[in-house]
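Asks: Sequence:
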Amino acid sequence: MRKLGIDYGDSRVGLAITDALNITAQGLETIHHKNNDKVILKRLDEILEKYDIDTFVVGMPINMNGTLGIRAEKTGKFINKLKCKYNKIKIETVDERLTTVQANKTLNFLNFEKTKKKQVIDTLSAQYILETYMKKI
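Position 53 of the sequence shown, counted from 1, bears residue number 43 in the working numbering, the numbering being contiguous throughout.
Honestly, the hints are just simulated from the structure, not real lab data. One should not assume that every hint holds.
Within a straight-line C-alpha distance of at most 25 angstroms, the following computed SDA-like cross-link-like pairs (lysine to any residue) qualify [as the list claims (entries may be wrong)]:
{"hint": "1", "residue 1": "Lys64", "residue 2": "Asn77"}
{"hint": "2", "residue 1": "Lys73", "residue 2": "Phe46"}
{"hint": "3", "residue 1": "Lys78", "residue 2": "Asn12"}
{"hint": "4", "residue 1": "Lys126", "residue 2": "Ile13"}
{"hint": "5", "residue 1": "Lys71", "residue 2": "Thr45"}
{"hint": "6", "residue 1": "Lys125", "residue 2": "Ile13"}
{"hint": "7", "residue 1": "Lys80", "residue 2": "Arg(-8)"}
{"hint": "8", "residue 1": "Lys126", "residue 2": "Asn55"}
{"hint": "9", "residue 1": "Lys24", "residue 2": "Asn55"}
{"hint": "10", "residue 1": "Lys104", "residue 2": "Arg87"}
{"hint": "11", "residue 1": "Lys71", "residue 2": "Tyr123"}
{"hint": "12", "residue 1": "Lys126", "residue 2": "Thr14"}
{"hint": "13", "residue 1": "Lys28", "residue 2": "Lys64"}
{"hint": "14", "residue 1": "Lys78", "residue 2": "Lys108"}
{"hint": "15", "residue 1": "Lys108", "residue 2": "Gln16"}
{"hint": "16", "residue 1": "Lys32", "residue 2": "Arg(-8)"}
{"hint": "17", "residue 1": "Lys125", "residue 2": "Val91"}
{"hint": "18", "residue 1": "Lys107", "residue 2": "His22"}
{"hint": "19", "residue 1": "Lys73", "residue 2": "Arg33"}
{"hint": "20", "residue 1": "Lys125", "residue 2": "Met50"}
{"hint": "21", "residue 1": "Lys126", "residue 2": "Ala62"}
{"hint": "22", "residue 1": "Lys106", "residue 2": "Leu18"}
{"hint": "23", "residue 1": "Lys107", "residue 2": "Glu39"}
{"hint": "24", "residue 1": "Lys67", "residue 2": "Thr122"}
{"hint": "25", "residue 1": "Lys95", "residue 2": "His22"}
{"hint": "26", "residue 1": "Lys108", "residue 2": "Glu19"}
Ranges between beta-carbon positions, derived for each pair [unchecked claim]:
{"hint": "27", "residue 1": "Lys104", "residue 2": "Asp35", "range": "17 to 25 angstroms"}
{"hint": "28", "residue 1": "Glu103", "residue 2": "Glu39", "range": "30 to 38 angstroms"}
{"hint": "29", "residue 1": "His22", "residue 2": "Lys75", "range": "14 to 22 angstroms"}
{"hint": "30", "residue 1": "Ala62", "residue 2": "Thr96", "range": "20 to 28 angstroms"}
{"hint": "31", "residue 1": "Lys95", "residue 2": "Glu19", "range": "19 to 27 angstroms"}
{"hint": "32", "residue 1": "Glu19", "residue 2": "Phe99", "range": "17 to 25 angstroms"}
{"hint": "33", "residue 1": "Leu11", "residue 2": "Lys64", "range": "30 to 38 angstroms"}
{"hint": "34", "residue 1": "Asp42", "residue 2": "Lys73", "range": "17 to 25 angstroms"}
{"hint": "35", "residue 1": "Glu39", "residue 2": "Phe99", "range": "32 to 40 angstroms"}
{"hint": "36", "residue 1": "Asn101", "residue 2": "Lys75", "range": "33 to 41 angstroms"}
Glycine included, every Cβ here is placed at the ideal spot set by N, Cα and C.
Produce the complete structure using the sequences and hints provided.
Replies: In structure tokens:
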């Protein structure tokens, strides 16, 4: 059973997945949903048909001072939708502070063009979220 990392955002959601042995995490894709969670849930249905996933690992956007803000509230609502629709799949959250910064640094180091960066930043952030979770288990 695999784990699926989710970097939830207002207009884009990055996804990453573990290999079959849960040793590594790799970026899967970015979903452009324009604030419509139905688009995300439909794509997750398709992914679940292809892969055996037992855990969703969702990045929780905690403020730098440790408080929960508006982004965390929106992410919490999305997590509730996941719980309702996929009640047999375990849902874990991971503090995602600085994952986007880390992803930006990686892409800058690799000399990614600004336009291409936008296409992969969320996927890479999801990968970092998933890797953080895997280090804990």
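Asks: Each of the hints needs a verdict: does it hold here or not?
Replies: For each hint, the structure was consulted:
1. For a cut-off of 25 angstroms, the pair hint linking Lys64 to Asn77 stands: about 19 angstroms separates their Cα positions.
2. The suggested pairing of Lys73 with Phe46 holds, with an alpha-carbon distance near 10 angstroms, which does not exceed 25 angstroms.
3. Proposed proximity of Lys78 and Asn12 is supported: the alpha carbons are some 19 angstroms apart, at most 25 angstroms.
4. For the given pair, Lys126 sits about 13 angstroms from Ile13 by alpha-carbon distance, which is consistent with the 25 angstroms threshold.
5. As the CA atoms of Lys71 and Thr45 are separated by approximately 15 angstroms, the hinted pair is consistent with the 25 angstroms bound.
6. For the given pair, Lys125 sits about 10 angstroms from Ile13 by alpha-carbon distance, which is consistent with the 25 angstroms threshold.
7. With a C-alpha separation of about 11 angstroms, the suggested pair Lys80 and Arg(-8) falls inside the 25 angstroms cut-off, and the hint holds.
8. Taken as a hint, the Lys126 and Asn55 pair is honoured in the structure, with Cα atoms around 22 angstroms apart against an allowance of 25 angstroms.
9. The suggested pairing of Lys24 with Asn55 is violated, with an alpha-carbon distance near 29 angstroms, which exceeds 25 angstroms.
10. The suggested pairing of Lys104 with Arg87 holds, with an alpha-carbon distance near 22 angstroms, which does not exceed 25 angstroms.
11. Taken as a hint, the Lys71 and Tyr123 pair is honoured in the structure, with Cα atoms around 21 angstroms apart against an allowance of 25 angstroms.
12. Straight-line distance between C-alpha atoms of Lys126 and Thr14 comes to about 13 angstroms, which keeps the hinted pair within the 25 angstroms bound.
13. Of the supplied pair hints, the one linking Lys28 and Lys64 holds, its CA atoms being roughly 15 angstroms apart against a limit of 25 angstroms.
14. Using a Cα cut-off of 25 angstroms, the hinted pair Lys78 and Lys108 is violated, with the two alpha carbons roughly 33 angstroms apart.
15. At roughly 17 angstroms between alpha-carbon atoms, Lys108 and Gln16 fall within 25 angstroms of each other, so this suggested pair holds.
16. Of the supplied pair hints, the one linking Lys32 and Arg(-8) holds, its CA atoms being roughly 19 angstroms apart against a limit of 25 angstroms.
17. Distance restraint check for Lys125 and Val91: the Cα-Cα separation of roughly 19 angstroms lies within the 25 angstroms cut-off, and the hinted pair is therefore satisfied.
18. Taken as a hint, the Lys107 and His22 pair is honoured in the structure, with Cα atoms around 14 angstroms apart against an allowance of 25 angstroms.
19. For the proposed pair Lys73 and Arg33, the alpha carbon gap of about 16 angstroms is at most 25 angstroms, so the pair holds.
20. Taking the CA atoms of Lys125 and Met50, the gap is near 17 angstroms; set against the 25 angstroms cutoff, the hint holds.
21. A hinted pair counts as satisfied when its Cα atoms are at most 25 angstroms apart, and Lys126 with Ala62 qualifies at roughly 21 angstroms.
22. Our distance criterion of 25 angstroms between C-alpha atoms is met by Lys106 and Leu18, whose separation comes to about 16 angstroms.
23. Restraint check for Lys107 and Glu39: the C-alpha separation of about 29 angstroms exceeds 25 angstroms, so the hint is violated.
24. Among the hinted pairs, Lys67 with Thr122 is consistent with the structure: their alpha-carbon atoms are about 22 angstroms apart, no more than 25 angstroms.
25. Taking the CA atoms of Lys95 and His22, the gap is near 23 angstroms; set against the 25 angstroms cutoff, the hint holds.
26. Restraint check for Lys108 and Glu19: the C-alpha separation of about 12 angstroms stays at or below 25 angstroms, so the hint holds.
27. For the hinted restraint 17 to 25 angstroms between Lys104 and Asp35, the CB-CB distance of approximately 33 angstroms leaves it violated.
28. Checked against the hint of 30 to 38 angstroms, the C-beta distance between Glu103 and Glu39 comes to roughly 34 angstroms, which is consistent with it.
29. Under the hint 14 to 22 angstroms, the C-beta atoms of His22 and Lys75, about 20 angstroms apart, fit the expected range.
30. For Ala62 and Thr96, the Cβ-Cβ distance of about 24 angstroms falls inside the hinted range of 20 to 28 angstroms, so the restraint holds.
31. Remark: the range hint 19 to 27 angstroms for Lys95 to Glu19 is upheld by a beta-carbon distance near 22 angstroms.
32. Checked against the hint of 17 to 25 angstroms, the pair Glu19 and Phe99 passes, with Cβ atoms roughly 22 angstroms apart.
33. In this structure the supplied range 30 to 38 angstroms holds for Leu11 paired with Lys64, their Cβ-Cβ distance being about 33 angstroms.
34. Distance hint check: the CB atoms of Asp42 and Lys73 are about 19 angstroms apart, consistent with the given range 17 to 25 angstroms.
35. As the Cβ distance of Glu39 to Phe99 is approximately 36 angstroms, the hint placing it in 32 to 40 angstroms holds.
36. One distance hint, 33 to 41 angstroms for the beta-carbon pair Asn101 and Lys75, holds here, with the actual separation near 40 angstroms.
When the structure is compared with the earlier hints, violations turn up for hints 9, 14, 23 and 27 and for no others.
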